[in-house]
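A.B. asks: Dock chain G against chain W, hints included.
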Amino acid sequence: MNRFATLCYKELLRFFKVSIQTVAAPVLTTLLYLVIFGHALAGRLEIYPGVRYTAFLVPGLVMMSVLQNAFANSSSSLIQSKITGNIVFVLLAPISYVEFFAAYVVASVVRGLVVGLCVLVVALLFVELPLHAPWWALAFALLGAALLGTLGLVAAVLSDKIDQVAAFQNFVIVPLTFLSGVFYSIHTLPPFWQRLSHANPFFYMVDGFRYGFFGASDFPPLASVAIVFASLLAVSSATLGLLKSGYKLRY
Amino acid sequence: MSLEVEEGEFFGLLGPNGAGKTTLINVIAGLTRADAGAVRVMGADVRAEYRRARQVLGVVPQELVFDPFFTVRETLRLQSGYYGLRRNDAWIDEVMHHLDLTAKADANMRSLSGGMKRRVLVAQALVHKPRVIVLDEPTAGVDVELRQGLWHFVRRLNRDGHSIVLTTHYLEEAETHCSRIAMLKEGRIVALDTTRNLLGSFSGLELRLHLDRADLPPGLPGRLLEAEGAQFRLRLSNYQELEQALALLRQADAGIREMAVHPPDLEEVFLRLTGRGT
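Which chain is which? The protein sequence lines are W and G, in order.
Take the first sequence: its letters are residues 1 to 251, numbered as in the working numbering.
Take the second sequence: its letters are residues 1 to 278, numbered as in the working numbering.
Only chain W is shown next, with the shape it has when bound in the complex:
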């Protein structure tokens, strides 16, 4: 196996070995959201004509799972390796910073997609959902997971303690996902909050992903995909620069 493939395989093996925690638990949590919000708000809201609220909710929850799990994978794996010191085995090997980056991000994308797919499959047992443009949905899921996997890498590189990664997750990632239109259409918001939502890159991922199912969205999907792609490029280049410098990895 080559170096990149080995590191990627190791990252995948790591989360599959604890799949109750890394797959089953987030799937259950997300389905609880679906049950509770779906039950509480069913019949009161109809965001797109002919789309029930529970159906509207599912793609948002799937994307939320993809994003949060992609972030959790790279961030928790790397911070644990840094704290326990076993990152040394990777640092001693002739692995380039690009291979390092790619392995962590690809593994995060896989974890995000696996959890998202599980949520989707279980939700489909209870909720009928159209699939208007699957390639759009897949493109947003891939780009979103890659962006969050990269952000997870940044959080773990910059942090010295698990506490700091948790703060990044709880004070940045969770608010940005919750406020990205997972549970609502931003058109239901007052104008100020609508404008603010447009500054949240997570909004474009959730909105674009939802377009894949309903063929309707708050923002044109092509523009959304361009914004998400540009964000991914910007964050990736910054992360590659950080890894190349060896900041907080090689002293």
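All the pointers check out, no bait thrown in.
Result set (DSSO-like, lysine-lysine): computed pairs, CA atoms no more than 27 Å apart in a straight line:
1) W:Lys248 - W:Lys161
2) G:Lys117 - W:Lys161
3) W:Lys82 - W:Lys161
4) G:Lys117 - W:Lys17
5) W:Lys82 - G:Lys117
6) G:Lys117 - G:Lys129
7) W:Lys17 - W:Lys161
8) G:Lys104 - G:Lys117
9) W:Lys161 - W:Lys244
10) G:Lys104 - W:Lys82
11) W:Lys82 - W:Lys248
12) G:Lys104 - G:Lys129
13) W:Lys248 - G:Lys117
14) W:Lys82 - W:Lys17
15) W:Lys82 - W:Lys244
16) W:Lys17 - G:Lys104
Interface residues of chain G toward chain W, partial, derived using beta-carbon atoms under 8 Å:
17) Glu63
18) Val65
19) Asp67
20) Tyr83
Read the hints as simulated data drawn from the structure, not as lab findings.
Note that CB positions come from ideal geometry on N, CA and C, so glycine has one too.
C.D. replies: For chain G alone, kept in the frame of chain W given last:
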């Protein structure tokens, strides 16, 4: 500091805590970046040609680190893959055999004792058959059995042409195994020579005498360290002085009841060079 280790050498790096041994190793391994200067491993610059340098270097870190998610065999297979090696199982089996790890091949890392974890660290450093092996305190907190097994294996690797760089607190290990030694103090080399020369030139001999009388004949060479009744401890700088001392004792008709000559040991050299000895 400027230092060159020859290919195939068994080289020792000694010094008190904080002397810079591990920092030096980390710079060689690319874990720490030097502010200035250059380090080459088998001719490859550790920064500019890091892939080639790391491919020929195997480091056993001092800290007892492990990845709790994997078994011993998984750990060694992953480590092989990090060096671009596939189908490395024959060598992995051989390394595990020599380090007495075969019975634990499928045990999770978490379940291993400290000594066993240390063996896996050694095995991880050897999966890619590195030309240069750096052992940073490999026997710290390790039982006698492993120590012997480890040295047996490392000496074999050295005979097969692998260069070994060793740091240790056990000076007798350095004395037994290393052909050349650098002593470090506060980031500087205070001595760099063959083990034989270091032992010969710094420490001298200690002569212990038990005579049949309580005074030493005048004019004995060396330095009197201790006198208690008819027993004396003398520091001599070489064997010529021993010869002179014996001749003077015979001339003075001093009867020798007991006599012992202690050759120098590295501990003494170490203490004197690092300014801790008497």
